[in-house]
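J.: This is what each chain is made of:
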Amino acid sequence: MKLITAIVKPFTLDDVRSALEQLGVLGMTVSEVQGYGRQKGHTEVYRGAEYSVDFVAKLKVEVVTDDTNVEKVLEAITTAAHTGKIGDGKLWVTPVETVIRVRTGERGTDAL
Amino acid sequence: MLNAGDTAWVLASAALVMLMTPGLAFFYGGMVRAKSVLNMLMMNFIALAVVGVLWALYGFTMSFGDDAFGGLLGNFHFAGLENTFGKLAGFAVAATDTSPAVAWPGSDGLPVLAFVMFQLMFAIITPALISGAIADRAKFWGWTLFVVVWVTVVYFPVAHWVFSFNGFIGENAVGGWIANNLKALDFAGGTAVHINAGAAGLALAIVLGKRKGWPKDTGRPHNVPFVLLGASLLWFGWYGFNAGSALAANDLAAVAFTNTTVATAAAVLGWLVVEQIKFGKPTTLGAASGAVAGLVAITPACGFVSPIGAIAIGLIAGAVCALAISLKFKFGFDDSLDVVGVHLVGGIVGTLLIGFFGTTSVNSLGADGLFYGGGFTQLGRQAAAAGAVLAYSFVLSFIIGFVIKKAGGFRVSAEDEVSGIDEAQHAESAYDFTGSGGGLGHPTTIPVKSTPAAKLEESKA
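Just so you know, the protein sequences line up as chains A and B, in that order.
The opening residue of the first sequence carries number 1 in the working numbering; numbering runs sequentially from there.
The opening residue of the second sequence carries number 1 in the working numbering; numbering runs sequentially from there.
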């Protein structure tokens, strides 16, 4: 199993979710995060004093998936979150030892 | 004879002006960081508590007692508000062709206590205004002590100079020197309130020094909606401040009300235009600040100028104050929330512009300014009054602040400043955003009898 972590532009979330639903992905975790990469922050002005906001608001989408589905999930997210402009985000894949469903105690892919 | 309509309006106005101090607290509170908003609110709220008591004990009588010394200070006839209940204040009315003279207190008397309460609210908001100059870094009790001493030696005397008129509080009462001898015009407190507070703010900002990281890290306002809400409450309360200063429900009150409205509206526009030109965007904070700048500038002038004059004063004040707020960066004093740029500069603008826009067609007790054929006389008087209050307040505030600081009671430690003054000074935090409630702490189920300060300190370590 793999954990796919995607940092995306907040307004693309709906597209990302429906793309994943069509692939049969049954769950995901979304959190609001801040950071920066190539895209720099912006500047705000309060009574003439410049205040630079270095961190940009993004969403972090986390999905755990079966090894066989990894490429399809990556492609779905990349397509859905793509605008072609700077700041579209990044995805990365990390291995997952196991998953346990708390309610039933099921383990591994059964718990997904 | 008591005038019921006037009495009702002055009492209502006193309540309106009372609301300005909490309004100011939110105006300022929104501009500071989330970790110091409670301290900012408290610095304002404590003025209600402290001055409310001092005013009754000796403040009112120092300001409005019969003059005791060269127009500088009232006597102690009203100490503890003795000799006020059941008494009227007002002006004797001269005879005309159609009606005979009416001896003091005239035909439109006001209960002295209505006037006491109306003036109390001015005495409360003036020290509260100063607090914006020293946001994020003042010890709470040190500030409270400053308020006690400052109103005693600065505000109460200056209120006597400006607001105490001959023959008002008593038949032969003698008032203060600015109002009666110099004859400078100040309808509602451009000198006594705004120049006074602004000069004190400048002194305290210098005495207490910069916040850590200033001017590089100015801190982003944590709640701009609070700022606009506070400015709106100020605007609302200001109708009591300005129109109430007519001390009557009459045409002059309506003139002051109108001028307050149009000047403030024009000042918002003035500030936003400057922002658009200088920074490319009109900001919410700028609109709120412009409104307050306009309110400040029209305060001394609202009973002496025409509505067109008021619009001009508002526009000028909005634009000038929007430019003046950068002075602190030029001269290197951390006037955190621009008490100098808005109140001192706005107060000076309004006070001086009476010398240009004043017209006796609005108020026969006023004067004609330069634009109405009055020459330079009134402008000179206005400048003298502004300069006198500015100098007196700056010097005294500097000394009071310096002594309290040297005694170790004014500036918080650098550590407390960084970790947040709310927690350090009040053992509270303003917001708990955790959905599960209670944050990460463990709520005590039984009320704690008392937690000594030492234990709070220990728990931080």
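No lab work stands behind these hints: they were computed from the structure.
Think of the CB as a built atom: it goes at the ideal place given N, C-alpha and C, for glycine as much as any other residue.
Any given hint could turn out to be false.
[As the list claims (entries may be wrong)] DSS-like mimics (lysine-lysine), calculated; alpha carbons at most 25 Å apart, straight line:
hint : chain 1 : residue 1 : chain 2 : residue 2
1    : A       : 72        : A       : 85
2    : B       : 87        : B       : 210
3    : B       : 216       : A       : 40
4    : A       : 90        : A       : 72
5    : A       : 40        : B       : 278
6    : A       : 40        : B       : 281
[Stated by the list, open to error] With the Cβ distance kept under 7 Å, some of the chain B side facing chain A (calculated, not the full set):
hint : residue
7    : 216
8    : 221
9    : 223
10   : 277
11   : 279
12   : 285
13   : 326
[To be verified] Partial list, derived from the structure: chain A residues whose beta carbon lies under 7 Å from chain B:
hint : residue
14   : 27
15   : 46
16   : 47
17   : 49
18   : 51
J.: None of the hints should be skipped; say for each whether it holds.
T.: Verification of the supplied hints:
A threshold of 25 Å between alpha carbons decides the hint, and for residue 72/A with residue 85/A the separation of about 23 Å falls inside it, so the pair holds. The straight-line distance between the Cα atoms of residue 87/B and residue 210/B is roughly 49 Å, outside the 25 Å bound, and the hint therefore fails. For the suggested pair residue 216/B and residue 40/A, the alpha carbons sit about 19 Å apart, so the restraint of at most 25 Å is met. For the proposed pair residue 90/A and residue 72/A, the alpha carbon gap of about 16 Å is at most 25 Å, so the pair holds.
Between residue 40/A and residue 278/B the CA atoms are separated by roughly 23 Å; this keeps the pair inside 25 Å, and the hint holds. At roughly 20 Å between alpha-carbon atoms, residue 40/A and residue 281/B fall within 25 Å of each other, so this suggested pair holds. A hinted interface residue such as residue 216/B counts as satisfied when its beta carbon comes closer than 7 Å to some beta carbon of chain A; here the least separation is about 10 Å, so the hint is violated. Against a cut-off of 7 Å between C-beta atoms, the interface hint on residue 221/B holds, since the closest Cβ of chain A lies about 6 Å away.
Here the hint on residue 223/B is broken, as its CB sits about 12 Å from the closest CB of chain A, past 7 Å. Because the beta carbon of residue 277/B sits about 12 Å from the nearest beta carbon in chain A, more than 7 Å, this interface hint is broken. Restraint check, residue 279/B versus chain A: the minimum CB separation of about 5 Å is within 7 Å; hint holds. Interface restraint check: residue 285/B against chain A, minimum CB-CB distance 6 Å, threshold 7 Å, status holds.
The restraint placing residue 326/B at the interface with chain A holds, with a minimum CB-CB distance near 5 Å, inside the 7 Å limit. Because the closest C-beta pair between residue 27/A and chain B is about 20 Å apart, greater than 7 Å, the hint is violated. A distance limit of 7 Å between C-beta atoms decides the matter here; for residue 46/A the minimum to chain B is near 6 Å, and the interface restraint holds. Restraint check, residue 47/A versus chain B: the minimum CB separation of about 5 Å is within 7 Å; hint holds.
The beta carbon of residue 49/A comes within 4 Å of a beta carbon in chain B, closer than 7 Å, and the hint placing it at the interface holds. The beta carbon of residue 51/A is positioned within 7 Å of a beta carbon in chain B (closest approach about 5 Å), and the interface hint is therefore held.
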